Amino acid sequence: MRYSRSFIHTQYEVPKEAETPSHILLLRGSYIYPAAAGIYSLLPLGHRVAEKVKKIIREEMDGIDGLEVTMPVLNPAELWKATKRYFDIGQELFRIRDRRQREFVLAMTHEEIVTDIAKKFLRSYRDLPVMLYQIQTKIRDEARPRAGLLRVREFQMKDAYSFHPDFDDLDRYYPRIYNAYLRIFARCGLNAVPIEADTGIMGGTGSHEFMLESAYGEDQFVVCTQCDYRANTEKAVGIKPPVDDLPEDPPIMEKVSTPGVKTIAQLMDFFHTAEDHFLKTVAYEADGRLVLGVVRGDFAISPTKLTNHLKAVRLEMASEELLERHGLHGGFLSPVGLSDKSVRVVVDTSVGDRTLYVAGGNAVDVHVKNVLPGRDFQIQDRADIAEVRPGDPCAVCGRGRLEIRRGIELGHTFKLGTKYTAPDTMDVTYLGTDGDNHRVVMGCYGIGVERLMASAVEQWHDDAGIIWPVTIAPFQVILTTLGKSPEVDAAAEALYEDLRTRWEVLYDDRDESPGVKLKDADLLGIPLRVVVSQRGLKQQTYEVKVRKTGEVSFHGRAELVRALERMVADLVPSLDGLPLLPETA
RNA sequence: CGGGGCGUAGCGCAGACUGGUCAGCGCACCUGCCUUGGGAGCAGGGGGUCGGCGGUUCAAAUCCGCCCGUCCCGACCA
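Following the numbering used here from start to finish, the first sequence increments by one per residue and tops out at 585.
Just to be clear, a hint being listed does not mean it is correct.
SDA-like cross-link-like pairs, simulated, lysine to any residue; straight-line CA separation at most 25 Å [claimed, not checked]:
1) LYS81 x ILE117
2) LYS138 x LYS255
3) LYS55 x THR501
4) LYS138 x PRO242
5) LYS484 x GLY515
6) LYS81 x ARG95
7) LYS255 x THR225
8) LYS54 x GLY577
9) LYS119 x LEU132
10) LYS419 x THR83
11) LYS119 x ASP166
Simulated from the structure, these hints should not be mistaken for laboratory data. Computed from a prediction, not measured in an experiment: that's the story for all the values here.
With the sequences and hints as input, model every part of the structure.
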């Protein structure tokens, strides 16, 4: 491709809307162009990168027996009503009507469509297992798109769905997709870290997120400093150091007037007592019911953990009206002396029975002190509903400490089970060898293509520009001429014709000053740069610079191709040392 | 959806507080000359509903109101 014909329009200035490195560099390199907030065109360069990524994804998906399909973006609302997602998902789901007022949604994923297909065609155990996948546009009305391609409203996603005769079969398949994901990210040059993810109401250990650690990521995950435990903060479990200072002869519980004292900070001041001697009680509305969550004062409640424990669909902070209706008062909530039996109370495992707590009094301006769990109130529902804290001991190895890191979620694998095939959703069964109907078990697996591209830039850039991994670079080689002379042009033309039979070559044939051409080559991030110049021709050499290392070498015409071949091979990311799961036959 | 910033040429910005003398600068773009190893130089040139609507005023880029767009923080995120 000749640069002069390539629709590359680099810009020197940093666009003011961009702050994140990938956003800045992709705009400056004319890889992408915004149409609206969180909606981008992929310009020729960006399109080439996306196609490279998609090719790698296809190879890996095909390698684990995936069958590519294309499903519609426009989905009839009835299917989404059947799975109840039409009602459970908030404003993020685009809902539209056609000219006859029939309701449609713009698909944000394709569980409904693919399950409907499965229901139609999967009749017998002979049809299973099967994995269908597509790479296709997803549309979501994101509340806040951000950071260029990292969080957008329209994007291409590889979404895959596997169908199995039973859970065992899904468990056998799962490592194959997990390993394929590790290979995809590694082949794209990304250091993806698999972490255990929240599985929602499914439970179990059937979900992983693949994270790229990055300061610009919007997700947090927990890592152990000693062992290889890695988990989403919504799921992570740490050891909660117990407080054990119960006096021999515990004093009885006592009411204390605490006018206007509501927060833990105010209470610590009022009672001159440490944070971990309070019971923090927070009121939620879970699918319409009032629920009180209780944690020790030095912990915070994890809404996700509480939601999962309750097996609730929606969890929100309780409104004042709901509290009033139960005769409760925000700021003085408590599991102690709760008369209304319709209120569910969940107590976190941080609350022990070897210490005396200060708790709310369930009356305005009243707290109680010397509260002893088990004596002054009964714990009927005890669960881990607290967020882990940085520095907490690891629950897996017991030796390490937990740290919280930021990351970009590159992909997600999920054992869905029968969430979409159960009788109350889409009801998908097949006929087994025993002649009986059995329920189909599913898994789903997603990768965002543009987010992966942007993540590659986040991981691979310097002050001068992008440094594409050779596997996804728009071109492997940029051929640059310096100086204007017939000899240089002739040599470059001949070299271009030769190199382009082996690689994708961007031939910078522009009549620009050396500075402009060299700066553009760096900004665009093409892995190898070959320079043809008067100076080089005089010595009968061509200069090659490796973008990633900055290493410069000179080669005669005869050995240039061989040298480039070696350098390209060296740049291909290694698949050694990936934390692959064992696959069973 | 809450809080904040920004909106003047393709890009980046000044002008605004103190209304007039204000349609400006750099880069990019076009023409010519010249130059060619890290975003050259000279000369000439094109390009603007100052985000939109309304108000105040003799007069609005500038003051006031509403709206829109965009970015950041937070909430949300199948």
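For each hint, the structure was consulted:
| no. | hint | in the structure |
| --- | --- | --- |
| 1 | LYS81 x ILE117 | holds (16 Å) |
| 2 | LYS138 x LYS255 | violated (57 Å) |
| 3 | LYS55 x THR501 | holds (20 Å) |
| 4 | LYS138 x PRO242 | violated (47 Å) |
| 5 | LYS484 x GLY515 | holds (14 Å) |
| 6 | LYS81 x ARG95 | holds (12 Å) |
| 7 | LYS255 x THR225 | violated (44 Å) |
| 8 | LYS54 x GLY577 | holds (24 Å) |
| 9 | LYS119 x LEU132 | holds (13 Å) |
| 10 | LYS419 x THR83 | holds (9 Å) |
| 11 | LYS119 x ASP166 | holds (15 Å) |
The structure fails to meet hints 2, 4, 7 from the earlier list, while all remaining hints are met.
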